Amino acid sequence: MRRNSSPPRLFIRLFRWFCDESMHPYIEGDLIELYKERLSNYGKTRADLRFIIDVLLLFRPGIIRPLFTNQNTTSMSIYKNYITIGWRNLLRNKGYSLINIGGLAAGMSVAILIGLWIYDELSFNKYHDNYNRIAQVYCKKNQGGETYVNTALVTGLGTLLKNEYGNHFERVAMVRARTEERVLANVEKKFTEMGFFIQPEGPAMLSLRMKHGTIDGLRDMNSILLSSTVAQKLFGDADPVGQTISMDAAWDLKVTGVYEDIPKNSHFHEASYFATLDRYLNGWASIDAWDNYHMYIYVQLKQGAELEQINAVVKDSMLDHIGKETAEEEKPEVFLHPMNRWHLYSEWENGFPVMSKNLVAVWYYGAIGVFVLLLACINFMNLSTARCEKRAKEVGIRKSIGSLRSQLVQQFYGESFMVSVFAFCIAMAIVQLSLPWFNSVSGKSISIPVDEVIFWLMTFTFVFVTGLLAGIYPAIYLSSFSPVKVLKGTFKTGKRGATPRRVLVVVQFSVSILLTIGTIIVYQQLQYAKNRPVGYDRSSLIGLRAASPDFRGKYEVLRNELKNTGAVIDIAEANYPITDTRGWNPGFSWGEKVYEPAFNTIFVSYDYGKTIGWEFLEGRDFSREFASDTAGIVINESAAKIFGIKDPVGEYLKWSPGRDRGTFRIVGVVKDMVKGSPYDVTYPSVIFLSRDDMQWLYIRLNPAVSTHDALGKIEKVFARLVPSAPFDYTFADEAYAAKFAAEERIGKLASLFSALAIVISCLGLFGLAAFTVEQRTKEIGIRKVLGATVANLWQMLSKEFIMLVLTACVIAVPLGYYFMNTWLQQFVYRMPLRWEVFAISCLGGIVITIVTVSFQAIKAAVANPVSSLRSE
Amino acid sequence: MVLNTTIRKLLLVKKFQLGEFEEVVILTVGILYREAYGVSIKKEIETRLGRSVSVGALQTALKRLEDKGYIESSDGESTEERAGRPRKYFQITALGKKAIEYTRSTRESLYRAIPKIALKTNIVGI
Chain A
8 MRRNSSPPRL FIRLFRWFCD ESMHPYIEGD LIELYKERLS NYGKTRADLR
58 FIIDVLLLFR PGIIRPLFTN QNTTSMSIYK NYITIGWRNL LRNKGYSLIN
108 IGGLAAGMSV AILIGLWIYD ELSFNKYHDN YNRIAQVYCK KNQGGETYVN
158 TALVTGLGTL LKNEYGNHFE RVAMVRARTE ERVLANVEKK FTEMGFFIQP
208 EGPAMLSLRM KHGTIDGLRD MNSILLSSTV AQKLFGDADP VGQTISMDAA
258 WDLKVTGVYE DIPKNSHFHE ASYFATLDRY LNGWASIDAW DNYHMYIYVQ
308 LKQGAELEQI NAVVKDSMLD HIGKETAEEE KPEVFLHPMN RWHLYSEWEN
358 GFPVMSKNLV AVWYYGAIGV FVLLLACINF MNLSTARCEK RAKEVGIRKS
408 IGSLRSQLVQ QFYGESFMVS VFAFCIAMAI VQLSLPWFNS VSGKSISIPV
458 DEVIFWLMTF TFVFVTGLLA GIYPAIYLSS FSPVKVLKGT FKTGKRGATP
508 RRVLVVVQFS VSILLTIGTI IVYQQLQYAK NRPVGYDRSS LIGLRAASPD
558 FRGKYEVLRN ELKNTGAVID IAEANYPITD TRGWNPGFSW GEKVYEPAFN
608 TIFVSYDYGK TIGWEFLEGR DFSREFASDT AGIVINESAA KIFGIKDPVG
658 EYLKWSPGRD RGTFRIVGVV KDMVKGSPYD VTYPSVIFLS RDDMQWLYIR
708 LNPAVSTHDA LGKIEKVFAR LVPSAPFDYT FADEAYAAKF AAEERIGKLA
758 SLFSALAIVI SCLGLFGLAA FTVEQRTKEI GIRKVLGATV ANLWQMLSKE
808 FIMLVLTACV IAVPLGYYFM NTWLQQFVYR MPLRWEVFAI SCLGGIVITI
858 VTVSFQAIKA AVANPVSSLR SE
Chain B
5 MVLNTTIRKL LLVKKFQLGE FEEVVILTVG ILYREAYGVS IKKEIETRLG
55 RSVSVGALQT ALKRLEDKGY IESSDGESTE ERAGRPRKYF QITALGKKAI
105 EYTRSTRESL YRAIPKIALK TNIVGI
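Going down the list, the sequences are from chains A and B.
The letter at position 233 of the first sequence is residue 240 when you use the numbering used here, and the numbering goes up by one with no holes.
The letter at position 125 of the second sequence is residue 129 when you use the numbering used here, and the numbering goes up by one with no holes.
No lab work stands behind these hints, which were simulated from the structure alone.
Since we're looking at a predicted model, the values are computed, not measured.
Hints may be right or wrong, so weigh each one.
The calculated lysine-lysine pairs, modelled on PhoX-like cross-linking and capped at a C-alpha distance of 25 Å, are [stated by the list, open to error]:
#1 Lys-218(A) to Lys-196(A)
#2 Lys-43(A) to Lys-133(A)
#3 Lys-678(A) to Lys-196(A)
#4 Lys-331(A) to Lys-148(A)
#5 Lys-72(B) to Lys-43(A)
#6 Lys-47(B) to Lys-51(A)
#7 Lys-746(A) to Lys-678(A)
#8 Lys-148(A) to Lys-406(A)
#9 Lys-67(B) to Lys-87(A)
So these bits of chain B aren't anywhere near chain A, every CB distance computed over 12 Å [said to hold, decoys possible]:
#10 Glu-27
#11 Gly-60
#12 Thr-110
Every residue, glycine too, gets a C-beta built ideally from N, C-alpha and C.
Between the sequences and the hints, there should be enough to build the whole structure, so can you do that?
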């Protein structure tokens, strides 16, 4: 987060807006002086909070600038009177005003937070100046009867587009598909960083904002652009342009530029460096190959070029280059996917675009935001109509003096706008203070866009709509009173006013209970997946990538040295990480039987099983004692099922993925390991033994040695044997836990929103109960005098509300079942929906209602009837 | 405004209108002499009386006192710590001095009018 020492800008602006011009510079000076002092004494959060409180407390007559400079205009004075009356009403019923404004503010802050979140989602990638003209090249392909949409393409296509179709594009740039994790080193300082290998035109296409050097710095093969964070890490504050750094201890690259960090809401935000594609391809791949699908291709259209037209032109561009047979079978179709659709519209199924998860989330949170705000508005309506009897006389008098109905509508709208503006100010304070927390939960870096005109337009509309929504019912209902009836005293609110109020309470509680059900189920599913047996032992297991050529040939030495430290039980290698499902190959057969699907194939060293803690169902692990094990394989449970061999151990499988790789003997069957998504099926895997150097090292720490000591000892060994690689390890259990991040995020946000929804609903109910009790004070008094017990009265007063909440339960349960069942369908490994969840949610709703209402009911029931009957 | 002042004049039978907080503020302005501005007044009151003072309350009181003509203000230097905003220094006017004197003498005359016995019992009561 940005560390600045200035007070919240929003509140400075608010203060400037309302403060009398003649006073504002002095007071602002005072505020800033105090702020700076508090900043150094108590830290930023408290200083901010105190500043906000001070500003809000300054909102008082004498300091607010005069609203109307000319006080003699009569049409203005009536509005002034509305404000005065509205203000007095707020002050007279402090409790209800608090419930009203507080509830509305809570609802608004949720809506604002969600609004900011959605704004961030919708403005994805807008950081890039050529936002409207950049597109990524995609390819639709027919594979085994299904259509797949691919982004990883061949270098040949990029070169073709540049040379043959160059008249449509301003720039074409190929990038190594996926970010590459590399070790960047400046002598002693070494860091593992993610970045891209891109063609020279790429940085200009992406309009990187350069701090030093040139955007055109990738012309030379051995050059590199660094993000300012990485430059800072490697070189401190010095200008790194012209310096040399090494990558993976293999290449010396010259730094030709430093760019401002790319913000989080960009597709390229991970890029800590941009190196050249030529450097990446050099030595093993050509820039014009048609058989290796490992490139992303980005294009920037010429000004005024139409995407559709270009799509028609490039559609068949691959056909002539990939061989007639493949072309006929796969029918590859090239198309461009514009940048403004990347984030929210990039999911395909069988070749057709489908609603993406990101877009679903936008709708989902948007709906929650609207609902929570609606709940808060309903509160306002409820309390206003409940209070209408008190205002009825005022309406009557105003009408008989000559007020038009339209004027009364104006008045009540004015009041609701006033409350809405108050609530908005408080909501902004809440948002300002909760943003750091919200950012950490939602994984974004959002700030209030104070400088954007659109933001102020939106907030203005927002306050206006809230005021309109909240005020619509009182404005129409209250202004409809007949003055004669009201003033004569025969006026009764009775059933007419109560029915809509009841409906509103039912709506409120339906939403609250629905959100509660949702939250509980999200958490249960999360827990269910977390408790899933994973098939290996995650605790005190660390993994790291052998990211330096220095590792070559040193595995055995490293293994012995590490074991000698006593901090390590075992160490093993594999070609892919254990928390990943990369590596797919088809072509297995058993005798006559040929297996169609591809299997997850990984290569491991001896001791892999011991290191990660495999659980064997049958057979044994690879062993050095059997020389024949080099042609042995271990399969997992799912694979065994697909092979369908009765006693698999000892059988021979043939493997020929394209070319013949030989025959392998099954030596063991292990339990399935959860490597990919913990919600998905476990894939059938075949594990081969390899004695080559491999990418991933796994180290099982000795539980008898403290983790801290063990890591220290291991690091020393690494520093001695492979000095060029940083000791960047990850704990397997942490890597596994990271798979739950998305659902955990949903869970946290959902629980926050439902908690707020419940609080808002309860506030409303509390206020409503208070009014009901107040209206029936006399009745309660008489009943008591005639012998009703406290329990009788409590029952009488609570019954109505409990009925309402029960109705809400009846509505919420089927809806909750429907929504959550749909949500759970996306997971293969999911928990069964149980009725207990629904029962608990409903029961919770009812208990909360009883508690809320009882407070008022018992207070009224216990009161002395003498005092209630004597009044008037 | 004209109407407002007339009404106030009619209503104000009392010679010098000075609320409790206003009194505290004007006295503090006096104590600080030439160093009285927003923050220093606030701190002085907070340390001397041990009660917290909000910027809002203080500024309102200062404005009222100034409107009544008990204190006058002058622009001071603008400093770095205030991000370039000037200070506004306050000083008690002649009218202000009279007001303090008046309040003090009325208080004292009231105090003196309390029979000694009443105060004594009070002390014993504690």
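Is the Cα-Cα distance between Lys-331(A) and Lys-148(A) 25 Å or less?
Answer holds: Lys-331(A) to Lys-148(A) is near 15 Å, not above 25 Å.
Checking one constraint from the list: CA of Lys-67(B) to CA of Lys-87(A), max 25 Å. Satisfied?
holds, 23 Å
Least C-beta distance from Glu-27(B) to chain A larger than 12 Å:
Label holds. Min Cβ-Cβ 17 Å, cutoff 12 Å.
Keeping to a limit of 25 Å between CA atoms, is the pair of Lys-72(B) and Lys-43(A) held or broken?
Roughly 33 Å separates the two Cα atoms, so the pair is violated.
Hey, does Thr-110(B) actually stay past 12 Å from chain A on C-beta?
Holds: least Cβ distance 26 Å, greater than 12 Å.
Between Lys-47(B) and Lys-51(A), is the straight-line Cα distance small enough, at 25 Å or below?
holds, 21 Å
Does Lys-746(A) pair with Lys-678(A) here, judged by a C-alpha cut-off of 25 Å?
Given that 25 Å is the threshold and the Cα spacing comes to 20 Å, the pair holds.
Given pair status - Lys-196(A), Lys-678(A), alpha carbons within 25 Å:
violated, 42 Å
Compare the distance between the alpha carbons of Lys-148(A) and Lys-406(A) with 25 Å, and conclude whether the hinted pair is satisfied.
Outside the cut-off at roughly 74 Å; violated.
Assess, step by step, whether the Cα of Lys-218(A) is no farther than 25 Å from the Cα of Lys-196(A), and give holds or violated.
holds, 22 Å
Is the nearest CB of chain A more than 12 Å from the CB of Gly-60(B)?
violated, 4 Å
Lys-43(A) and Lys-133(A): Cα distance at most 25 Å?
Not OK: Lys-43(A) and Lys-133(A) at ~35 Å, beyond 25 Å, violated.
In summary, the structure is inconsistent with hints 2, 3, 5, 8, 11 from the numbered list given earlier, while agreeing with the others.
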